[in-house]
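Chain B is already provided as a structure; the job is to place chain L on it using the hints.
Number of protein chains: 2
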Amino acid sequence: MNLANKLKEIIPSDRVSTNETILLNHSRDDSFHPARFTDVVIFPEEKEDIIEIIKFANINNIAVTPFGIGSGLEGSAIPVNGGISLDLKKMNKILEINPEDFLVQVQPGVTRVQLNKELGKYGLFFSVDPGADATLGGMASTNASGTTTVRYGMMKDNVRDLEVVLADGRVIRTGGNAKKSSSGYNLTELFVGSEGTLGIFTELTLQVYGIPEVITAARAVFPTTNEAIHAAQSLLTVGVPIARLEFVEGKTLKYLNHVGNTNYIEDTSLFIEFHGSKGSVIADVELTKKLFNQNGCYQLHFETNSSGRNRLWEARHNSLYALIHQNPGKQVMNTDVCVPLSKLAEVVEFTRKCKEESGLQGDIIGHIGDGNLHAGILIDTKPSFDMEKANQFNEAIVKFALLCSGTCTGEHGVGLGKKKYQSLQHGVALDVMKSIKNVLDPNNILNPGKIFDTTEILEEKTKNVLDQCPAGAEAE
Amino acid sequence: MNLANKLKEIIPSDRVSTNETILLNHSRDDSFHPARFTDVVIFPEEKEDIIEIIKFANINNIAVTPFGIGSGLEGSAIPVNGGISLDLKKMNKILEINPEDFLVQVQPGVTRVQLNKELGKYGLFFSVDPGADATLGGMASTNASGTTTVRYGMMKDNVRDLEVVLADGRVIRTGGNAKKSSSGYNLTELFVGSEGTLGIFTELTLQVYGIPEVITAARAVFPTTNEAIHAAQSLLTVGVPIARLEFVEGKTLKYLNHVGNTNYIEDTSLFIEFHGSKGSVIADVELTKKLFNQNGCYQLHFETNSSGRNRLWEARHNSLYALIHQNPGKQVMNTDVCVPLSKLAEVVEFTRKCKEESGLQGDIIGHIGDGNLHAGILIDTKPSFDMEKANQFNEAIVKFALLCSGTCTGEHGVGLGKKKYQSLQHGVALDVMKSIKNVLDPNNILNPGKIFDTTEILEEKTKNVLDQCPAGAEAE
Numbered sequence: 243m244n245l246a247n248k249l250k251e252i253i254p255s256d257r258v259s260t261n262e263t264i265l266l267n268h269s270r271d272d273s274f275h276p277a278r279f280t281d282v283v284i285f286p287e288e289k290e291d292i293i294e295i296i297k298f299a300n301i302n303n304i305a306v307t308p309f310g311i312g313s314g315l316e317g318s319a320i321p322v323n324g325g326i327s328l329d330l331k332k333m334n335k336i337l338e339i340n341p342e343d344f345l346v347q348v349q350p351g352v353t354r355v356q357l358n359k360e361l362g363k364y365g366l367f368f369s370v371d372p373g374a375d376a377t378l379g380g381m382a383s384t385n386a387s388g389t390t391t392v393r394y395g396m397m398k399d400n401v402r403d404l405e406v407v408l409a410d411g412r413v414i415r416t417g418g419n420a421k422k423s424s425s426g427y428n429l430t431e432l433f434v435g436s437e438g439t440l441g442i443f444t445e446l447t448l449q450v451y452g453i454p455e456v457i458t459a460a461r462a463v464f465p466t467t468n469e470a471i472h473a474a475q476s477l478l479t480v481g482v483p484i485a486r487l488e489f490v491e492g493k494t495l496k497y498l499n500h501v502g503n504t505n506y507i508e509d510t511s512l513f514i515e516f517h518g519s520k521g522s523v524i525a526d527v528e529l530t531k532k533l534f535n536q537n538g539c540y541q542l543h544f545e546t547n548s549s550g551r552n553r554l555w556e557a558r559h560n561s562l563y564a565l566i567h568q569n570p571g572k573q574v575m576n577t578d579v580c581v582p583l584s585k586l587a588e589v590v591e592f593t594r595k596c597k598e599e600s601g602l603q604g605d606i607i608g609h610i611g612d613g614n615l616h617a618g619i620l621i622d623t624k625p626s627f628d629m630e631k632a633n634q635f636n637e638a639i640v641k642f643a644l645l646c647s648g649t650c651t652g653e654h655g656v657g658l659g660k661k662k663y664q665s666l667q668h669g670v671a672l673d674v675m676k677s678i679k680n681v682l683d684p685n686n687i688l689n690p691g692k693i694f695d696t697t698e699i700l701e702e703k704t705k706n707v708l709d710q711c712p713a714g715a716e717a718e
Numbered sequence: 243m244n245l246a247n248k249l250k251e252i253i254p255s256d257r258v259s260t261n262e263t264i265l266l267n268h269s270r271d272d273s274f275h276p277a278r279f280t281d282v283v284i285f286p287e288e289k290e291d292i293i294e295i296i297k298f299a300n301i302n303n304i305a306v307t308p309f310g311i312g313s314g315l316e317g318s319a320i321p322v323n324g325g326i327s328l329d330l331k332k333m334n335k336i337l338e339i340n341p342e343d344f345l346v347q348v349q350p351g352v353t354r355v356q357l358n359k360e361l362g363k364y365g366l367f368f369s370v371d372p373g374a375d376a377t378l379g380g381m382a383s384t385n386a387s388g389t390t391t392v393r394y395g396m397m398k399d400n401v402r403d404l405e406v407v408l409a410d411g412r413v414i415r416t417g418g419n420a421k422k423s424s425s426g427y428n429l430t431e432l433f434v435g436s437e438g439t440l441g442i443f444t445e446l447t448l449q450v451y452g453i454p455e456v457i458t459a460a461r462a463v464f465p466t467t468n469e470a471i472h473a474a475q476s477l478l479t480v481g482v483p484i485a486r487l488e489f490v491e492g493k494t495l496k497y498l499n500h501v502g503n504t505n506y507i508e509d510t511s512l513f514i515e516f517h518g519s520k521g522s523v524i525a526d527v528e529l530t531k532k533l534f535n536q537n538g539c540y541q542l543h544f545e546t547n548s549s550g551r552n553r554l555w556e557a558r559h560n561s562l563y564a565l566i567h568q569n570p571g572k573q574v575m576n577t578d579v580c581v582p583l584s585k586l587a588e589v590v591e592f593t594r595k596c597k598e599e600s601g602l603q604g605d606i607i608g609h610i611g612d613g614n615l616h617a618g619i620l621i622d623t624k625p626s627f628d629m630e631k632a633n634q635f636n637e638a639i640v641k642f643a644l645l646c647s648g649t650c651t652g653e654h655g656v657g658l659g660k661k662k663y664q665s666l667q668h669g670v671a672l673d674v675m676k677s678i679k680n681v682l683d684p685n686n687i688l689n690p691g692k693i694f695d696t697t698e699i700l701e702e703k704t705k706n707v708l709d710q711c712p713a714g715a716e717a718e
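Just so you know, the protein sequences line up as chains B and L, in that order.
Residues in the first sequence are numbered from 243 upward in steps of one, following the working numbering.
Residues in the second sequence are numbered from 243 upward in steps of one, following the working numbering.
Simulated from the structure, these hints should not be mistaken for laboratory data.
Honestly, I wouldn't trust all of these hints.
Same chains, same names: a pair is fine if it fits in one copy or spans any two.
Unchecked claim - Capping the alpha-carbon separation at 27 Å, the derived lysine-lysine pairs in DSSO-like fashion look like this: (1) 662 to 363; (2) 363 to 532; (3) 335 to 520; (4) 624 to 662; (5) 531 to 520; (6) 520 to 248; (7) 572 to 289; (8) 595 to 359.
If we strip away everything but chain B, and leave its shape as in the complex, we get (with noise of 0.2 Å):
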């Protein structure tokens, strides 16, 4: 008997799926990274089908791997050993919403803009925002984050409990209610940004926000990137409590006027947004006018109303897409570097010199509240395509960051793209990574061949990567 027949005798047989088109649609995410065809797909509805498919995996040593609606930009999602895609969508239910807690519980489909619409009802929202509609459990399993964590935070900030289910079928809960604990270990936050390796989530409790009486929107125009980021860092340096802090470049402004309609300046710009009560909002901008036009700002323009406001995020959520847009039949390799936020210019520089130096195309973007910038690469799927170019320039980046204690990934998690850097960037560390993969996950079932191969030999690794490291990704 073949898997599928296998798995529709332990759950229902129409959660059970081999269609080729759904098969398809499973093998890839938003990344460059190649697809790879799943034996089948699952569509759990319950907590009870995912207990099931579970154990019956960890017995018989089939891989599973977690899926959502598949907006991963670093193929945490793409089933490379095969087996089962979990797809979760269909657990999509918002539990409870306890506004007098700012807590929500939802299931892992749960969609960020399905939540926030239903939340907009209590006047609470949900403030993590990667721009892609992800799910919620998806969001969890890289610890995503987005435009608005320079004032909210992470994933790893606003979840306060997981339901997850172990290799082993064992249910646990991670957290509790409360607003802050110091009761055993901190198994939420080290479940979150796991990418499906240690655990499947089937609940998650998140932290929410009150919407804000006040929300303005900005657009400053700089003459050049260096003002733009002392300007953005005299912000953060007096604390300012802003609520987005975006740095788009002339170039990028050009796609987006282009593709939104918009007439925006196309020059260096910081796009930002205040959140607040009507007089500390007055207070917060007064301040950043004074910040700003010390630091060479020629045009503040404000969004005040929503229309406007909203243009201008989606304008910036839809960048990546702006630039694919404008480049039919390309791909985008997103680079997702974050450095202490005194290195931000250098790496700007950095990878300006590395982009013009490899003629490859496309353009920088960040969340420069955070130090998270992303370099956005053409790339082409045609033999023709220098493929190895792109990959140097990503290395490059990655290393200068590494250099400077930054992170190869700000947010889009490790997946494919990132492990070969896992040893470089954690050194011993990893081991202990390993040994608590291999401790939860004994059979390594769970969405495998992401993060780390356990199988990898570390203290080669990290000599070999180290050996290769060009003389000019050093810092200083």
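Then chain L, alone, in the frame of chain B:
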């Protein structure tokens, strides 16, 4: 050869002590938990001392219990298995202050006040304030928090990176300097709060903040507890970024006035503090006045200069000592539950009722912006004192908090006092914690007997504790 002499062969002999007074000082903390003499106290001066000691202890199955200044309130530093008390106070160097990135690197024996004195020169401060001048290593080990957590978070939110010596002498770094990361498992937050059971911290990288332009403190006096709690909740609901929000009973104010020569009105009060720019603090104060008036506040007294403000917070921090001062010869058992905000009024009421029924003496104080409540109960080590009654009181409050999806410890840690509630609070997740402990410290040398006993059989414990749960402890 005895243990001390063997250790003197490994590290310089002046770092090894068996002096009776020193042994006594390392046999206890600030809690009521019984003292336990250790065999030897080590004062390492560099990381290499710790590595050598740990390797020796691991081979020879000797317990190693880290010790800061001994200000813990749950016995986490009491060496219940004897062996080595590892006193880190000589590793007290501030290694680097990086104002541009709002980061500092310190050794674990640096204390909070020591760090803030140095940071002040740069216009910076470290936010976590548990009252005691604890070491930062100790604070990280229990995931300490305190009066400023409502705005700036717990230790886990402010530790960016740790250097840790593992049980086998390997040294790892858990994080990096970037503000956010999705790379690998989040080991930093696994180690923070692990109370020295997973490794010894040898270096901490901490996030710090700019000293706000304006700091304004105030006392708000209310006729009833419920009105004070509702006023606090209303502030949080509208999102006033309050920096401290403390609940103090009228009775406690009586002690404080007596000890501190103040003349605060002896009625239920909130001690609050605003941080921000001049404009934003004015806006926050105005909104607070309005909300407090609507909730029955009959006096709102501002302390705008630093001496009045320091007097206020000193009084708040001294509340525990004021209670002891009024009752010479007594000790304090301090409860530490944390509950969702909606359950706050109920848990205060329940705590009062239990206290009245038990006839125990003491008062209630709370970081109510976080839902964290302390009932300080006077206890006596004389045999005539009914210790069982105090334990039952503590247990009733813990069980009430757990029925509200809260935690048995908001900030003091599990140590010895909250071990018995771990299976009730964490269920099967406790087995996962034990698996992690076992894989990282298979010989159980690191602070054995804390958080959990590795030999416990989980299922039986859970069943027993649940069976004993009194009907009166139900939330609804």
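The hints, checked one at a time:
1. Taking CA atoms no more than 27 Å apart as the test, residue 662 paired with residue 363 passes in neither setting, with 45 Å inside one copy and 42 Å between copies.
2. With identical chains, the CA atoms of residue 363 and residue 532 are at most 27 Å apart between copies only, with a shortest distance of 25 Å across copies and 37 Å within one.
3. With identical chains, the CA atoms of residue 335 and residue 520 are never at most 27 Å apart, being 35 Å at best within one copy and 44 Å at best between copies.
4. Proximity of residue 624 to residue 662 under the C-alpha cut-off of 27 Å is restricted to the intra-copy arrangement: shortest distance 24 Å within a copy versus 63 Å between copies.
5. In this assembly of identical chains, residue 531 and residue 520 lie within 27 Å of each other by CA distance both inside one copy and across copies; the values are 17 Å within and 15 Å between.
6. With identical chains, the CA atoms of residue 520 and residue 248 are never at most 27 Å apart, being 61 Å at best within one copy and 68 Å at best between copies.
7. With identical chains, the CA atoms of residue 572 and residue 289 are never at most 27 Å apart, being 39 Å at best within one copy and 52 Å at best between copies.
8. Taking the closest pair of Cα atoms, residue 595 and residue 359 never come within 27 Å of each other, the shortest separation being 43 Å inside a single copy and 42 Å across copies.
Hint compliance for this structure: hints 1, 3, 6, 7, 8 are broken, all remaining hints hold.
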